[in-house]
Amino acid sequence: MFPKSLFNLNQLTTAAIEEILSRAAYYKKKRKKESFSSLKGKNIVLTFWEPSTRTRVSFEMAIRKLGGNVINYSPEISSEKKGENLKDTVNTLAALGADAVIFRHSSPGFFNLLSQLIDIPFISGGEGCYQHPTQALLDIFTLRDRGVELSQLKVIIVGDILHSRVARSLFYAFPPFSAELTLVAPPVLLPEELVPRGVSRAYHLDEVLPEGDVVYLLRVQRERQGKNLLPSLAEYSALYGINEKRLPLLKKGVLLMHPGPVNVGTEISRGVLDYFEKNCPGSVLFQEQVRNGVFVRMAVLDLFLGGG
Amino acid sequence: MDLLLKGGVLHDPENGWEGPAEVLIRGNKIEAVSLSLGPVDVPFWDLQGKIILPGLVDMHVHLREPGNEGKETIATGCAAAVAGGVTSIACMPNTDPPADNKEIICYIKERAKRADLAKVYPIGAITRGIKGKEIAPMWEMAQEGAKGFSDDGNPVSDSGVMLRAMQYALNLGLPVISHCEDLSLAAGGVVHAGNHGYRLGLPVISPASEAVMVARDLLLQKEIKGKLHLAHLSARESVELLRWAKGAGISVSAEATPHHLLLTEEAVGNFKTEAKMNPPLRTSADREALQRALKEGFIGVIATDHAPHRLQEKEDDFLSAPFGVIGLETAFPLLWTKMVEEGLLTVSELVDRFSSAPARLLDIPAGSLKPGAPADIVVVDPQAEQVVSGERFFSRSRNTPFEGWRLKGYPVMTMVDGDIKMWQGKVKGFSEDFPEIKSILQTRR
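Chains B and E are the protein sequences, given in the same order.
Per numbering that gives the first Met the number 0, the very first residue in the first sequence carries number 0; after that it's consecutive.
Per numbering that gives the first Met the number 0, the very first residue in the second sequence carries number 0; after that it's consecutive.
Treat the hints loosely; a few may be bogus.
In silico DSS-like links for lysine-lysine, alpha-carbon gap of 30 Å or less [as the list claims (entries may be wrong)]:
| # | chain 1 | residue 1 | chain 2 | residue 2 |
| --- | --- | --- | --- | --- |
| 1 | B | K251 | B | K153 |
| 2 | E | K313 | E | K5 |
| 3 | E | K221 | B | K3 |
| 4 | E | K313 | B | K3 |
| 5 | B | K86 | E | K245 |
| 6 | B | K86 | E | K313 |
| 7 | E | K245 | E | K221 |
Hints in this document: simulated from the structure, not taken from any laboratory.
If you're wondering where the values come from, they're calculated on a predicted model, not measured in any experiment.
With the rest of the complex left out, here is chain E (with noise of 0.2 Å):
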C-alpha cells in the first residue's frame, strides 16, 4: 500500500537514523526517509510520541509444522511473530518430519506463503533425522531457501561430523547455527546446577555441559573459518570464551534469548514447569554477564527461542514436561520495559540486536528501512502499557514464564512488503475486528 508515516521517532541504526523522521511507503517498499518529504499525495498516519523502527527479525523459532500441529502451526506462529512486531522469521528444524530435505523446506515455505503473516526462513537440519551422524543434503536445502543449518534441540555430539558440517557449509556461505550442550554433562539433568535447583532435588545441567561445547566450536571455528553462530547461550562461561575468541581473531556470533536476560533460577520456585527450558535459567551472575555482553556486543543477536508446548504437556511434574517457553509475542515489551527503559540497552542496540544484526547474519532483505528497502515496518507505542496474560495470544500455545508482568512498549502495528499485518493487536485473518485499513487512516486536506 502506499502510505505516509509521519510524526514519530525511526531508530534505524543501519541507514544511520536515529530521530524524527517521514517514512515513505510505496506499494511494497521504502521509498524514502526524510525529516520532512513536503507535501505527498498518499495516506498518512500520525505517529505523534511512537516510534518506528524496522521490522523485528527472530532468527531462532520453533513453528512445530509439520508434525506437531497441536502446539503450533506456521500460520498461528507467524501471527504471534507479527502480533510481536517481528516481520521474519527463522524456524528451526526439529519438526516431525525434520527439515532435513528440500521437501520439508519446500513445504514450510509454501505454508508460509499461505499464511501471509511473517517471512519465514526455514532453517535445515546438519545432520539426517537430526541424529548427528551423516550431514543432511545442504546443498539442495539452500537452493530451496535454507538460510542456515541447525540440529536445534540436540547439539552435534560427535565433533568430527561438526567439523566437516562446518567445511561443508563453508561452500554454501550460509550459518551453522550450534546448539551447544555436551550430553554426557547435561545428561538427564531439568535445572541449572545452583542453590534453588540443588535444593529443589532435581537433576542438574551445569554451566560447563555448554561451555565445553562453545570451546569446541570455537576450536572449530578457528580451523575453518566459516560462518558460525551459537544459540541460546546462558552461561557466564560460554560469555567468557566468546571474549577470547574475539581476541583471538575467531569469528563468530551468538544470541541470547530474553528469558535467559531478566530471569534465573529462582523464577522456577517450587517447580514451575512454565520455567523449565534448556538451556536452563541460571544465575544472576550470568544473567548480568548476558546482559553486558549483549551491551558490549560480544553476543549481537538477541532471538526468543518461541518453543511451543500444549498446556497439558507442561501441566505436569517437573522432570517429565517438556523444555522450552514461548517469546514472539512478549520479546520486545520485555526488553523494552527491562532493559531499555533501565538503562541496560539504548533503542538503537535493541534495533541492531533484534532486527540488523540476525539480518546481516542470515543475508535476508531485512533489518533496515533504507529507500528501496521491504515495507517492513514495526510501530511501537512506547506508553502502551499491557499485563501479559496467554490466554490473549495469538500463538497456539501460552507457556510463557511471564505471566502477569506489567510491561510497556507493545507494538502497534506490523507491516510486512508494505501490508499491514497488524493492527492495534488485531492480526489480519486472525481477528474477526480486523479493521479495513483504508478507513483508520488520513487523507490529506
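Only chain B is shown next, with the shape it has when bound in the complex (with noise of 0.2 Å):
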C-alpha cells in the first residue's frame, strides 16, 4: 500500500492516506510519556538543506518517540559549489549507514534522484515548490481531528499558490475526501495553468471568503520572488490579508489555518488574532497543527519505515 519514499501525495493512494490518519489518532490517543520500538536500531538521516524549526523538530520527535536514532546531517550550503552537491552527499549518506533519509532542499528533484543512487526510503519534509506532503497530511489530520466531515467542506487557500509546496500537496489531499478548493492570490501568483481541474480559482479575496469553512493562510515567500512580484506587502496585506475589515464577512465558525511561519499583520493582522482568541480561540487552529505534526509524523515513519 505504502510505496517506499515519500516525496509527494499523488503516489498515495486514499486508503494509504486513511491508514495514515488512524495511525495519526492512534498515537494521539497514547499517553504523552509513553514510547514506542518501531524504529528501534534504525538509524534516520535528518538532512535540512533549507532553514526549517517546525518541521525539523518535529521530525526529530517523532523519531525518538519511536525509538530510532536521529543523525543530524546538515551540509554547509553556502560553501558547497553546485555540481559537487550530489556526488558528496550520496557518498556521505551511505558512509553514515543511514536506513532512511528526511530531507528538506530547495532544488525540487533533488533527492527524486538520490532516491536512484541509493536504495534506501526518502522522505520528504518540504522539497523546494514541489510538495509538502507531511504538512498536508496532518492539515487533514487536525481537520478530521476536530471533528469536521471533510466531504463538501468549504476549503479557501489564500497566498503564494505560485510558490507554495503546502498547496501543491494539498491539491492531492482535499479532493480523495471530497473537499471543495478554491484557490485565491493575485493572479501573478495563480497562472491559471496550475490550477488542478475541480479546483476553483478567484482574484477577489471578498467574493469567496462568505463560502469558506476553511480559510487557510499561506505566506508570502520573499526568500523565492527571484523577481518584483508585488509591489509591496502592504499592497498585498489590503487586498489578501485576514484584516478586521474581513471580520465580518468570515463565516461563523470558520476555521483558520496556517503552515507557518505566520507574518502578523501580512497574512492575518494582530487585531484578528486577538479578536479570535478572546472570542472563539477554537478558531485559529495554527498551534494545533504544529502539535498534531509530531503524530502524524510517527504515523508517516512507522507505516514507510517501521514494516507498520
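Could you use the hints to bring the two separately framed chains together as a complex?
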C-alpha cells in the first residue's frame, strides 16, 4: 500500500492516506510519556538544506518517540559548489549507514535523483516549490481530529500559491475526501495552468470569503521571489490579508489554518488574532497543526519505515 | 568509389524522383540516375526493399569543439552524424572560445577535414563573444567558410544590434539564424509554463518568451528583407506568427526539432533531466501545431539541435542540470517511425525538410542526387528495427529523452563524396570491425 519513499501525495492512494490518519490518531490517544519501538535500532538521517525549525524538530521528536536514532547531517550549503553536491551527498549518506533519509531541499528533484542512486527510503520534509506531503497530511488530520466532516467542506487557500509546496500537496490531500478547494491570490501568484481540475480560482478574496468553512493562509515567500512580483507587502495585505475589515465576511464557525511561520500583519492582522483569542479561541488552528505534526510524522515513519 | 546502387527505391524530391531507380556513383559524384542503366562495369549493391535518399543535412548541431571536448568532439559528432545518415552538418558557434572569428572557423574546418566523415559547415557568431553587443567580423568568417550567423544558446536581446546584424549579413547573402527567446520573460525558467511544470514547482518558460522574439525578428525582417531563419521553434504562437508573416509577404524560414515534434512537457515526468532543453517541451497542442506547420511548410526544416552533455552534468537536480539533448543518431528513425509511418509526413516531405530545404538555405552542395551532385547518400532499411540505447551511440554523450524507444527506419549505409562512412551501423575509423568495402560488394557476373 505504501511506496518506498514519500516525495508527494499524488503517489498515495486514499486508503493509504486513511491508514496514516488513523495511525496518527492512535498515537495521539496514547499517553504522553509512552514510547514505542517500531524504529528501534534504525538510523534515520535528517538532512535539511533549507532553514526549518518546526518540521525538523517535529520529525526529530517523532523518530525519538518511535525509538529510532537521529543523525543530523547539515551540509554547509553556502560553501558547496554546485555540481559536486550530489556526489558528496551520496557518499556521505552511504558512509553514515543511514536506514532512511528525511530531507528538505530548495531544488525540486534533487532527492528524487538521490533516491535512484541510494537504495533506502526517502521522506520529504519539504522540497522547493514542489510538495510538502507531511504538512498536508497533518492539516487533514487536524480537521478530522476536530470532528470536521471533510466531504463538501469549503476550503479557501489564500496566498502565494505559485511558490507554495504546501498548496501543491493540499491539491492531492483534499480532493480524495471530496472537500471543495478554492484558490485565492493575485493573478501573478496564481497562473491558470497551476490550478488542478475540479479546483476553483478567484482573484478577489472578499467575493469568496463568506463561503469558506476553512480559510487556509499561506505565507508570502519573499525568499522565493527573485522577481518583483508584488509592489509591496502592504498592498498584498490590504487585498488578501485577513484583517479587521474582513472579519464580518468570515463565516460563523470558520476555521483558520496556516502552515507557519505566520507573518502577523501580512497574512493576518494582530487585531483579528486577538479577536479570535477572546471570542472563539478554537477557531485558530495554527498551534494545533504544529502539535499534530508529531503524531502524523510518527504515523508516516511507522508505516513507511517501521514495517507497519 | 565506383558503385551501382540497384533494386532500391529513390526519394529525391529536388530532382522530382520518387520510385525505383538505379544510381550510378563514379568517384565522388553521382554520374547517372535512371530506372535501368543497363550493363555497367562497376561493383553493385542490391538494395531490394531499401530506400535511397540524398544524405541528410542537419543545420543545427553543437559539436562542442573547441573547449568542451568532454561532451563531444568534431570527430565524435561527425561519427554520430554519419551513423544517423547525416552527411552535412552546420555547427553552432557557442564553443569555448566561441566561433566569432575566422581562426576558429578555420580550426573547425580543419578538424572536420581530419575527421573525414560528415561535411561540416560552421556557423559564425552574430556578435563578439556571443554577448549580444558588437557585431562579429562576419565577412572574414564568411571568407573562411561560415555559412550563416547565430548567437544560438543566447538571443540577441538588443533589437538595434539584431537589426544592424541582419543588415550587415544582407551584403553576404548568408542567413541569420535566430534563437528566439526574451530573456526577461524566460528568466530562470527550466520547463514549459504548463500544468506539468507548475505542478512540479519548477520555474517556467512561457510560450510568449519565444513568440515575442519571433514577432520582433519578423518585423525586422519586413524592413530588411535578408535571409532570416528561426531556430528550434516550440510554441504554437510562433507558428501563428509564421502564418501571419507569409500573408504579409515576409520571407522567413524556420526549423523544428524531432523532440519538439514528438514530445510534450509530460516527458519531464518526475524531474527527468534528459527532457530538459531550451526551448522546453510544451503541450500536445503545440506539438500538433508544429507537426502541421512542418507538413504545410511554414516550418520548412527539421534540425536536431544536437546538444551533447556529459552524464555527470545531466545527473544533477533539475534546476542545475544543463539544457539540451542529442539527436543525430535518433532523428531519422524517430521521424520515420512516428511521422512517416503514422501518415503525418510523406517520405519526400521528410527528405525535403531534412535534406533539400536546409541545403538550399545554407547554399551548400547537398540535398539532391542529380547527376553531377556530390555522392552524399544514405540508404535506409524501413524494416530495420532497433531499440534506442545510449550505450551504442557514437556521440561522446548519451543525453537522449528517447532511450528505450523501439524505432524503425534506420540508415544502413551512409556515403559522403562517394566514400562509405557508415555500413550496417559501423563507422569508418570508429568501429574496429568496419569492413573492407570491396569485399562486401557484388561484382557483375
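Out of the numbered hints, which ones does the structure contradict? Of the numbered hints, 2, 3 and 5 do not hold.
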